[in-house]
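Protein chains in written order, with our numbering: chain R, 1 to 318; chain E, 319 to 971.
One thing to keep in mind: the hints can contain errors.
Unchecked claim - Beta-carbon label-pair distances, calculated as ranges: (1) R:H306 x E:P701: 30 to 36 Å; (2) E:G408 x R:E305: 53 to 59 Å; (3) E:V762 x R:V251: 25 to 31 Å; (4) E:A425 x R:E61: 21 to 27 Å; (5) E:I488 x R:D148: 46 to 52 Å.
What the hints contain is simulated information worked out from the structure, not anything from laboratory work. For every residue, glycine included, the Cβ atom is placed at its ideal position computed from N, Cα and C.
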Amino acid sequence: MRTLRTAAAAALIVTLTACGGATSGAGEDEPSAGAKGTVNLAINPWVGYEANAAVIAYLLEKKMGYTVEKKELKEEIAWQGFETGEVDAIVENWGHPDLKKTYIEDKKVAVEVGPTGNQGVIGWYVPQWMVDKYPDITDWKSLNKYADLFKTSESKGKGQFLAGDPSFVTNDEALVTNLKLNYTVVYSGSEAAIIKAAQQASAQTKPLLFYFYEPQWLFAKEKYVRVKLPEYKEGCDADPKKVACDYPDYVLDKIASKKFADGNSTAYQLVKNFTWTNDDQNLVSDYLTNQGMSAEQAAEKWVNEHESTWKPWIPAGS
Amino acid sequence: MTATVPPPPVLQPGGRVLTAASDTAVPGRRGWLRSRTVAAVLAAVTVVAYLVFRTDGAADSSDAAAFRFFDSVRDWVDANRDTSPVFLYGLNYVRLGVRLLVDGVHAALTGLGFAGLVAAVAAIGAVLAGWRTGLLALGGFLAFGVLGLWEQSVDTLVLTVSAVLLSVLIGVPLGILAARVRWVGATLRPVLDVMQIMPTFAYLAPMTLLFLIGEPAAVIATMIYAVPATIRITALGIGEVSPTAVEAATALGSTRWQLLSKVRLPMARTTIALAVNQTIMLALSMVVITALIDAPGLGQNIVSALQRVNVGAAFDAGLAIVILAVVLDRITTNAARRTRVHRTDQQRRWRWIGVGVALVAAVLISVIKVNPEDLPGYSFAAPVNDLVGWIELHWYDATEGLKNGISAGVLDPIETVLVTTPWWLFVAAVAAFGTLISGWRAAVIAAPAAAGIAGLGLWQHSMQTLATVLVAIVLTMALGVAIGVFCARHDRLAAGIRPLLDAAQTMPSFVYLLPAVALFGASRFTAIVAAVIFAVPPVVRLVERGLRDVPPTVVEAALSAGSTPRQLLWKVQLPMARGGLLLAANQGIVMVLAMVVVGGLVGAGALGYDVAAGFSQRELFGQGLAAGLAIVLLGIVLDRLTQGFHHSKGPRR
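Work out the full structure: start from the sequences and follow the hints.
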């Protein structure tokens, strides 16, 4: 494969020199159109995504004879991969209307491939022990009453709201301002940092108010409760500076590169047919994180036990 | 060879080269008094000015001119990537060429197969650096298989080798030019300074902009990080070739080309081998970070272990990187050492026969098909996770107290003062103190750099980062000097600690983040802890060497005059090792700055977070790039002030 690629790249350089310049996609793998080739799956940095990718990759490799290359990339970077041909599919996308506009409408290098069947929830959470001790804390109106509990060295005398990875979708600063909450948004900087903080909040019974989301494997281990913010209504988050309502529910979907979709291979059809429930995903995520399985082992276990779920995804004639 | 052996160059762990540390000339007593008075007056003036002009430290706008400018650059590149001649005929070819190189190296290494590659590396080690190194290489590469990380290790090796090849191809000729042609050297120096101060993390966004994601961008980023060391050390080696030898060769009628190829290059051979060694070490540390832009290899394991909050898995991958670093380091340093030995023709012949035999053996072995998965496997993941889990559970209260104490007692006041200082006062202070401490040359560079930070529209964030860096550097120096003194006094302990320090420095910085987060939560102090762990080893090493370089006669004289060990340390050894200490501080600052940026991933906020966010969100791209630039400027300010200190007091070369 590699040597072929080297030869192809060399040939490309020669031909391109003759006919004027190299485009950005030059020299990359051809998309896996038709023949059983390689499928490049982006792996975005959260475990739920990894669960989707694990099962899809397993089916592609073991049941359909493709080779799958997994690429650990942040969302933004993965979308760039559609342009270069380094990424064929993203298998759990959270909204991102801006990226859809750039890459699907403007550049026309990607297409939507339909929902994954998962419901995405983003919200503000507290650990279960706080709800047991302060039952009214799940209402945003009482958050100011408890602000002192959440003070830390970083929160400048106010309560601390811990926000997540910079690549996630957030309205937290606007929410704090517009709901007149006596809190400071502190950026944890990564998903790992926020999960560690949440685990410690449970283990040490320390107060913590934080940005989190479901499906998330951590919920299989510990309980966290969502704080009710003013209800989401269509359009209440139109102006990012004036948001004063909760996050909407997200219908998570799949995105593929234009080339991959146009090839309409059986691999593409599998990605298109793939849809499952939050419970399915949480199960695989749990295998991955709490039971120490590799992606392949986790997918194998799930696939062996849920044949009726995945059988319909496999396109006819593969 | 020559009668006078030139003093070995001082190689800093970051690959920076300083000329052999010269004893700093102690200024006359009167001059010292006068400069102290001036310093006191200046300090008083600054304090008064601060009290009069202090601001309320308004938050940075999220829409500064600099951000919009970078955003527009990004949009232009995005729109013209496949149409502009700059890309069509330039950058895209660079990308293709590098891709070709990577694929070639990859084909060569994987073509050997598991057994073949292990045998080949062991053979190279044995021939170039002696049989002990060969055995080490054999064990090391087998360990990759045992850890279950064979493929990833090979991928990392491929990227490192490609980047090092490029660095040597570009760096050695540039180094020769820099040593031989005065203006080239003078132009290159500031460029190299910036390349080395720029934190690795800040490289990535511009790289993806120009070369998109994937291996080519990763190799180019790695090359940019590593090539300054190649250029600097090569230039040093060429510059140190004894002029008598050159003169003799000229007198015998050598042409310029002959001079270079027969005299200068062979005589600088040892130093150039050292340059390659340093380049490899730097490249290896950068290759890990490029996992963030889709480079394959061990970095991917570490990134995904971080996402699953699995310190143990990250430890396995980190260990593989340490092993790879140790093997490559031993092969190249021992090979470099061996170039010094003069060989007879017969020995040389034997050596060539050895090379031949080893090659044939490696090729033969590569025919044997061994699957690395058949090796007995072992992973440190479970025990490491247990240990970390226990520490997290039981140490939390103590670490919480430490964090709150330092944050409230030290960090917050410094931050408040810095943030509320008006920018022009800061620039003036940098200029004044810069001139006083390091001479006007340093100040001329440092003051505009400080003004540049203000111009970028990230004043508050920059000052917050500066506060974090200052606290981290004080802690690093305190710890580093303490351990360094300890090591200098107890030989056996020093020998025991050294491998630990080596490993701590080679471990990718990411690995420290998780345990630090667990113990200290997402906070600025977490970044400080990670930075201290990262920067202490080189400081220890420099301090230890500084102390050991104090002439034994002086120590003996002090002892016979009745000094207690404490007096010996404070009155004799530390003052005499001042040059080494300042060098350590300078090096420490650069490393701390790099790590504080990575600290943006664990709640350190400020510039580090801006860089991380700009890297992952489209609308924040401009701000991220501006933050990267602000970090570089901050680095230049700090570097000039401390490095200038060292230079200005010593005789210039």
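Hints and how they fare:
The supplied range of 30 to 36 Å is met by H306 of chain R and P701 of chain E, whose beta-carbon atoms lie about 34 Å from each other. For the pair G408 of chain E and E305 of chain R, the supplied restraint of 53 to 59 Å holds, since their beta-carbon distance comes to about 54 Å. The supplied range of 25 to 31 Å is broken by V762 of chain E and V251 of chain R, whose beta-carbon atoms lie about 59 Å from each other. Between A425 of chain E and E61 of chain R the CB atoms are about 23 Å apart, so this pair conforms to the stated range of 21 to 27 Å.
Between I488 of chain E and D148 of chain R the Cβ separation comes to about 58 Å, which falls outside the hinted range of 46 to 52 Å.
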